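S.K.: Chains as they are written, first to last, in the UniProt record's numbering: chain F, 1 to 480; chain S, 1 to 480.
Please keep in mind that the hints were generated in silico from the structure rather than gathered at the bench.
Being a predicted model, the structure only gives us computed values, none of them experimental.
One thing to keep in mind: the hints can contain errors.
Just so you know, same-sequence chains aren't split out, so a pair can sit in one copy or run between any two.
The calculated BS3-like cross-link candidates involving lysine-lysine, where the alpha carbons are at most 27 Å apart (straight line), are [said to hold, decoys possible]: (1) Lys306 to Lys16; (2) Lys331 to Lys312; (3) Lys170 to Lys272; (4) Lys306 to Lys272; (5) Lys476 to Lys181; (6) Lys105 to Lys427; (7) Lys476 to Lys16; (8) Lys476 to Lys177; (9) Lys306 to Lys177; (10) Lys476 to Lys185; (11) Lys433 to Lys120; (12) Lys331 to Lys257.
There are 2 protein chains.
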Amino acid sequence: MTAGHVPPIVDSFLEKVRQALYEQGLLFRGARVLAGVSGGPDSTALVHVLSRLQKEFALQLGVAHVNHCLRGEESDRDALFVQELANSLDVPFHMETVDVAAARKESGLSLEEAAREARKAFFSRAMQEHGYDFVALGHHADDNAEWMLISLIRGAGAGGLSGIPPVNGKTVRPLFKLTRKEILKYCRENALKWVQDSTNQDQSILRNQIRLHLLPILESQYNPAIVPGLNRLSNILREEHLWMDGMARDFLEDHAKPIKNGLELSLVHLVKQPLALQRRIVLQAMAEVRGNTRKTSWTHVHDVLKLACQGKSGSQVHLPDGLEARRVQRKLEFILHDSPDWARTPSQPAKEWRVVLDGPGTHQIPQAGLTLVCYEEEKTENFLLKEDPMEVCMDLERASFPLTFRPWRPGDRFTPLGAGGAQKVKKFLIDHKVPAQDRQNIYVLTNEETVLWLVGQRLAEPAKILSETRRILRCKVFLA
Amino acid sequence: MTAGHVPPIVDSFLEKVRQALYEQGLLFRGARVLAGVSGGPDSTALVHVLSRLQKEFALQLGVAHVNHCLRGEESDRDALFVQELANSLDVPFHMETVDVAAARKESGLSLEEAAREARKAFFSRAMQEHGYDFVALGHHADDNAEWMLISLIRGAGAGGLSGIPPVNGKTVRPLFKLTRKEILKYCRENALKWVQDSTNQDQSILRNQIRLHLLPILESQYNPAIVPGLNRLSNILREEHLWMDGMARDFLEDHAKPIKNGLELSLVHLVKQPLALQRRIVLQAMAEVRGNTRKTSWTHVHDVLKLACQGKSGSQVHLPDGLEARRVQRKLEFILHDSPDWARTPSQPAKEWRVVLDGPGTHQIPQAGLTLVCYEEEKTENFLLKEDPMEVCMDLERASFPLTFRPWRPGDRFTPLGAGGAQKVKKFLIDHKVPAQDRQNIYVLTNEETVLWLVGQRLAEPAKILSETRRILRCKVFLA
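My request is simple: use the sequences and hints to build the entire structure.
M.R.: Next up, the structure:
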């Protein structure tokens, strides 16, 4: 290909991808690369540009597509489109059909999370079966900026703010330096067709709200260069995050000892470290014992460090998913309880507490490591209920203040929305497969003694919105 | 004072301040504390609550106020108000009157920066003269959240994102855990009066835009608990920032050697460090040699590290304010040139380059470490020109594309807005006291050979907006 045959912008796009492959060492020469393709402009441009670089890098390219069956005919249309794209580029095509909506019910994940998990699982299987070395995804600079804003809004620490990494294990993102605009331009200039995912316009999804609403405000009214700015910040924070996590890992290698179902840390060494390192050591110890940091909040880290500094031998902190931190002499133990009954043994009774809420506003609930936000609003024609188990809308007249937030108790009964009758909370949790070790972290919002919301699980019938409802109480729970 | 005499909310406010003083070790018992008081609700509540804690902490309290003379009679009214407040609390009152607008013209700072510098200078003088140990300021949790958003929008790194520290040298912020709402409630419940600063409503000031516009959007549409979330993040990032900076300082202590007008670093040790630490070492070396990190951008750090890894002996990078990084054998030297002529010696000619801009958009200018953003807009009745030397509005018809961005050249002439005639750029820079070592970092935006903007200094007459102007080209420069 000589320069004269291609308009300059195309070369600049190709050049940026080429640079990313070389400079960031995303792929090695001769690598087998499976491109994850949804059929949208990003992944369409990705597989097109990779096929143009195929010879130069001696790549063996494949295309993978997951049909999530979430959008009916539209989903099938997309699958066909991607298959034809792969054929036109003369690249092997791998597809799987997953009923995400069904799979989701079992896992308790959100639709988005469940779809992502399904893709990850299929990509990983396809890599193994067909001998691919890498999965290439079409994430770009705007995606990363959006992700950083999401993290910021959700209250993430430095980890979340370090953004989407260009390379993460066997996953590579060759378009990470390109913007959405550059990608669309590339598609147009190369006469590429793509399909539109109708859910991209769904403003009940936070990611879409950020893309369609918040980012345009920031760009037009605050800093037109906010996307490159956020990408620069993500690069800085990511390197710092990797470095600090490395130091925490080194510390654990030197000073943590495996014990039954967990590990123990020498306190003498822990408390000598700078506070920032202590926090990362605790986070990583929890992740190591439990396998992930899901549900771990700032309050948990804070509580464990307080236990380390001020706790007496024998005192403990209960953490999500059956994890426990215990002070034993001059050591801190992290133990994962796999027995479903551990939290109900007499030595660890659930503490009795309640927080009374006098009115709307932001309520800190340190006992649960949560923040509860309540606010009133008019009921409009199509009031927006986000697809988020941590948020509910209730009829304000029937859910009137004062309200009480507290852990559920074995005697609690409630009428789940749509269930047609009252039942024990305990039965509901068992029927809905909430693992025993998680049940101690379930809370209720009540009005006098009526349960209005089994938090994170189900609204109760008495709180539901009716056609005659005029004002709404919206409640949302955040990790504190 | 017994609990019964005080409404509960007042106690909770007092309790939070007391906790901050104890737990964060903001003050020692018997400390002499000078409260900086503007007369607004925050600093009024601050001095009131400190006076209530005076006995308990054996504090010796004083009040300081700077009259910036920026708002005419309103400024004098505020000064009188603060004096009366101090009298009513029986606390010594220290005041200084500074003509900030005049002082600003000499320094080249923005009005806000100049006012802050004037306050800092007066507080520091008053502390010395009257033997105070601390200055207490009224910054609170909302201020910190706003500051973090400002940093994010301006494209700061982890340093800026770590927010306003509760304690910084001799400056303490006893209200850092309180929200604006809690402070106003405290003022009302204690029947405190305060004065309103009319510039708080001025939306051309970024801080006010964030407070009055962006933060309310984030709170109402994204996360009502964003303020506590940002404060938590600031706490995490601040501790990590302190820790990492400590490591960079340790490295410099071990591996940097002072040389004439600067310091030298052994490359063997530098390149062995993680990238994140290398970046912080370079930033800190620059700060040490130059006394500050103003004008230091990400690109400068990047360029110095490239010099360290790939530069030949003898190659160098020019940095702002007369700083130079030079590769000498297996060492990196940072040298501050105090001779105004260093940048013009034959060994360091200014490089010739130009960037041609074909249309509006975001233009990276790596040669200058800058991003230039241009966009077109309709001229409205009161179009907004921010008080920012890095931003201009031009008549789009007279400043039409293609435009050129390049360093100024000794032969350049231009007609400064309002100056009544053409002159040499060189003469303008000398007349306006731009230090010789900074003159190599001055750029021009031109249309063919006409200078439209001496960037960061002055718009040119040919680009100015006229009554008949219909469309505007707004250009803004950011550190890349």
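S.K.: Against each hint, give a clear statement of whether it holds in the structure.
M.R.: Comparing the hints with the structure gives:
1. Lys306 to Lys16: between (49 Å within a copy, 19 Å between copies)
2. Lys331 to Lys312: Answer is within: at 11 Å inside a copy they meet the 27 Å cutoff, but 52 Å across does not.
3. Lys170 to Lys272: between (37 Å within a copy, 26 Å between copies)
4. Lys306 to Lys272: Within one copy only: 14 Å inside, 36 Å across.
5. Lys476 to Lys181: between (35 Å within a copy, 20 Å between copies)
6. Lys105 to Lys427: Within. Shortest intra-copy distance 18 Å satisfies the 27 Å Cα cut-off; inter-copy 74 Å does not.
7. Lys476 to Lys16: between (42 Å within a copy, 25 Å between copies)
8. Lys476 to Lys177: between (35 Å within a copy, 22 Å between copies)
9. Lys306 to Lys177: The answer is between: 19 Å across copies meets 27 Å, while 42 Å in one copy does not.
10. Lys476 to Lys185: between (40 Å within a copy, 25 Å between copies)
11. Lys433 to Lys120: within (24 Å within a copy, 61 Å between copies)
12. Lys331 to Lys257: Within one copy only: 10 Å inside, 42 Å across.
When held up to the earlier numbered hints, the structure conflicts with none and fits them all.
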